[in-house]
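Trainee: What follows is each chain in one-letter form.
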Amino acid sequence: MRLTLPALLLGIGVLVSPGGSTVWTVTPGGPPLQAIIEQASPGDTLKVQAGSYSGPLVVTKPLVLLGTGEPVIQGHGQGSVVKLKAPGIVFRGFRVTGSGNYLDEENSGIEVLARHILVEQNRLDDVLFGIYLRRAHGSIIRNNEITGKMLDLPRRGDLIRVWYSDSVLVENNTLRLGRDVVLWYSNHLTVRYNRISGGRYGIHFMYCDDANIYENQLTENSVGAFLMYSRRLHFYRNFMASNRGGSGFGIGMKDLDDARIIDNLFIDNRVGIFIDNSPREIESRCTLKGNVIAYNDYGVLLLPNVRRNLFEDNTFLENEEQVAIDGGGRLVNIRWNQNFWSDYTGLDLNGDGFGDIPYASQRFFESLMDRHPILRLLLYSPAVQALNFAAKAVPLVQPDPKLVDSLPRVKMVIPVGVPAPPKHKDPTLSILSALLLGVSIGFTFLGRSRKGRFGSIPKNPSHKEAALPMSERPLVQIKHLNKRFGSLQAVKDVSFEVRPGESIALWGPNGAGKTTVLRCILGLYPFEGEIYIDGLSVREHPKDVRQKIGFVPQELGLYDEMTVEETVTFFANLRKVSQSRALECLCAMGLEEHREKVVKTLSGGMKQRLALAVALLSDPPLLLFDEPTSNLDRAVRESFFELLNDLRAQGKTLIFTSHRFEEVRVLADRVLVLEQGHLVADAPPLEAASTLGWKTKLRLYPAPADLARAYSHLQAQGFDVQQNGSALWVWVLPTEKMAPIQALVDAGIPIQDFELEEEGGRS
Amino acid sequence: MESRNLFILALKELRDALLNKWFWLYTGIFIVLSFGLAQFGMTGIGEYGVAGFGRTAASLVNIVVLIVPLMGMTLGALSLASERERGTLLYLLTHPVLESEVLLGKYLGLGLAIFATLGIGFGLTGLSLGLRGGVSHLSGYLALTGFAVLLAFGSLSLGFLISSLASKGSTAVGVAIFLWLTWVFLSDLGLLGASLVLKLKAQQLLFLALMNPAQVFKMMAIHVLRGGLEILGPAGLSAMRTFGTGLPWILTGLLVFWILAPLGAAGVIFQKRGGL
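Chains as they are written, first to last, in the numbering used here: chain A, 1 to 763; chain B, 1001 to 1276.
Treat the hints with caution; some may be incorrect.
As the list claims (entries may be wrong) - Non-contacting residues of chain B with respect to chain A, defined by C-beta distances greater than 12 Å in every case (computed):
#: 1; residue: Trp1022
#: 2; residue: Gly1123
#: 3; residue: Ser1170
#: 4; residue: Leu1196
#: 5; residue: Leu1237
#: 6; residue: Val1256
#: 7; residue: Leu1260
#: 8; residue: Ala1265
#: 9; residue: Gly1267
As the list claims (entries may be wrong) - Coverage of chain B stretches by chain A, computed from C-beta distances (three or more under 8 Å per stretch; other residues unrestricted):
#: 10; segment: 1059-1069
#: 11; segment: 1156-1168
#: 12; segment: 1173-1183
#: 13; segment: 1243-1252
By construction, these hints were calculated from the structure, which means they are not laboratory data. In this text, a Cβ means the ideal position worked out from N, Cα and C, and glycines have one as well.
Generate coordinates for the entire structure from the input sequences, incorporating the hints supplied.
Mentor: Written as structure tokens, this is what we have:
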């Protein structure tokens, strides 16, 4: 070996081998690569070192171009970057980038324009077309990685185009973001081990006979492989998944003859296999065998004119529609044999691996959809499933079967050797799911945690506790209150005032409007007129007003499932009062020992105390009671009554409804008497009783022998008296209950016993 | 309106929901079905991750359309009506809270409870898919989860509207179940019949379907999972042509409308009617 003179002059390293061919070492700082190519002789080798070289390169003699460290051939966005025009060129180890953008000029990364050229281990990016072969018979495109330009799909070029080039091997290339891989007018092609994604047609065959296409991954294209107008294509062990888009076929077969589609996986495509007019020639047939067709919208979609296909040993797994006929109709002369159908409902009792009854594809809704494609809108609808189920139960409405497989398999047949993509190892979904799970479970614990149930009680409550209104202005002012329920006028022009510390009884029969007045004060009803509590309008400041009111209803609306402590805590939070105040109220009502008890287990009296404890939480100046003791027995009533008296003594303002005169008399400063919604009296209890002629019923028990005499004497004295068994009923004014007893005693008629039967009910 | 009161009432409602046997029944069914689907979807040839995911997600759409509206509507229907029936609602309103706080607090609490149900279901399913490698559509899965929550909130709103009108819990639940049947079954059967008898055009069928939030959810879920509505045939293509790139926004807007409109109506009625 020796150095040549021209090489020394050019400043590049050149070695001449004993055989006569020259090895050129090219570096970025030296003369242009194209100049060296021009100078090299056929059969020479150019070792191009890492660095950037300007294109375009045109190679017109059989050279071996070897990149070391991935030298970059830069096309600067103009035309094609590399043109290989002589047979036998080897182009290996380069990065080719920056082709032009003109589709009509078919600007390419590498144009292969002669026979038997080897293009391998190159990386092409930012190229419109990738590797373009024209009349390049016997060439090999191998181990290249090609990424197209980030353009809309219609503006992209084909990442590999094989045009009038027979016996080409396209092997183990990785292609992304192109339009198609086009293989047209070329016979005896081999396309294998390639990974093609993100394009329109992963592989597009036209007029190519006798090709072998195997072990390719065609994913996320509009169509995985579209094979057209070709004969004897052998398509096997390919993986086609998630090809969705305009067409969305795993494989499209159009006008194919004698095609063999064997052992492929069609997964999650819009259509697994689409067949149009294949086979086209009367003597030919297509064979689809051993394929897995799974999770597609349509497993197989055929045009009604398709004939002479054999579907054998395929696995049809959970396709939305296993087999569909485009536009409806019936399939003729297509053989379905020994396929696995995931919707097969028969059994294999003899254990031979095949179902005992034929598989018939006859879903009701599918039949409807095939005839009326518009109904596909209702897919995934529970109604559709119900309809299919109903149709199955009533065979009369079952459609004719689309196909019958007389010997269906009961187990799937999964082909081996299909190049599945590696599983995603991205942990993002797991992490996010775990996060979601954790948060969700956290919510359930938040709801179940005792401390978290109703929030925490503020340590420094903003509420100003024990702030009784000390002014002499009315605490309650009601002006011309009217309330109507439909046609019923429940309250009519009621006006009154209540001063701080006063205790007011609302009195009247059922339906008089007592409860309605209380609820209007609380702002629970819309009403006409004006209500002011401590100077605040109920209508305009309902929340502030309610903060100043404690209310104990007749029908206690406590939450049964809460404990006593939870109840006061919950309402204390709403009223913004402290935990200590809540406990204080519990203690004041004698409930501290029952704090863990659930409300529904409490007696009526304890519930009433609890309601009063809640009413007192914010130490409101005004307390409202709606028939507070009506549901209590006598002992409890008296005890509760004492509590109310204590509150009155503490200066609380009370408004309560009652029908017990004893309560009214002791507790009320004034009685407001309502009749049919009208306020008919506003007076102290005794005065009101006298004015309105209220009477209390006394039951007197004289000795049986004196009964008639006592009756006559009382009648003679002018008392309203009635004999009832061994007793006398006497109605008197509440202030005159002693009068009939005294009258009888004065007449020498002893009374053995007496009872207060009813208070204030008869006038 | 005070956020503090909303929080207190929401927590109480969440707690009540967790004590509700219906809630746990729905939760159990949803979790078992969704998790079971993930397992089932990954069997067979599910080792090709994409396959298991696609099938699981499609089945999840079915389950969500069926169960989530039932859960939302019945729980929502019980919310006000059952408390009104027991008198607790009226008593609650005698305290310093606004009707709107009660309504929204309850809504948030129940919404949180349903979110927890969906979160557990989708979380377990996602975890199962993730650990087994079926994560080809991460964003689609997350979007499906999000839209399921929107559908749940929409049906919850409708439940609240029913509840604001009803005096008894049993009446409200009855009406809710009838409406659920209408949403899920009857309206689709009606569409089917109408399109056959009246020979509806694709766009007409589409617009009728868009009135049903369950259908809207289904379209949205398919759109995010499949990248389009081709699978829904001519009506799906009509939707894509008519609305173009605005389709996801329109579908999302419709779901949001189904949240806000019934809830707003419920608010007006509840404000007027109160605890009675």
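Trainee: For each hint, tell me whether it holds in the structure or not.
Mentor: Do the hints match the structure? See the list:
1. Trp1022: 15 Å, holds
2. Gly1123: B/Gly1123 is in fact no farther than 12 Å from some Cβ atom of chain A, at 3 Å.
3. Ser1170: B/Ser1170 clear of chain A: closest Cβ-Cβ about 18 Å, beyond 12 Å.
4. Leu1196: Violated, because the least Cβ-Cβ distance between B/Leu1196 and chain A comes to about 7 Å, which does not exceed 12 Å.
5. Leu1237: 10 Å, violated
6. Val1256: Non-interface label on B/Val1256 holds, nearest chain A Cβ at 21 Å vs cutoff 12 Å.
7. Leu1260: It holds; B/Leu1260 is separated from chain A by about 23 Å at its closest Cβ, greater than 12 Å.
8. Ala1265: 18 Å, holds
9. Gly1267: 15 Å, holds
10. 1059-1069: holds (count 4)
11. 1156-1168: violated (count 0)
12. 1173-1183: As far as the segment 1173-1183 of chain B goes, the hint is violated, because 0 residues have Cβ atoms under 8 Å from chain A.
13. 1243-1252: With 0 residues close enough to chain A, the hint is violated.
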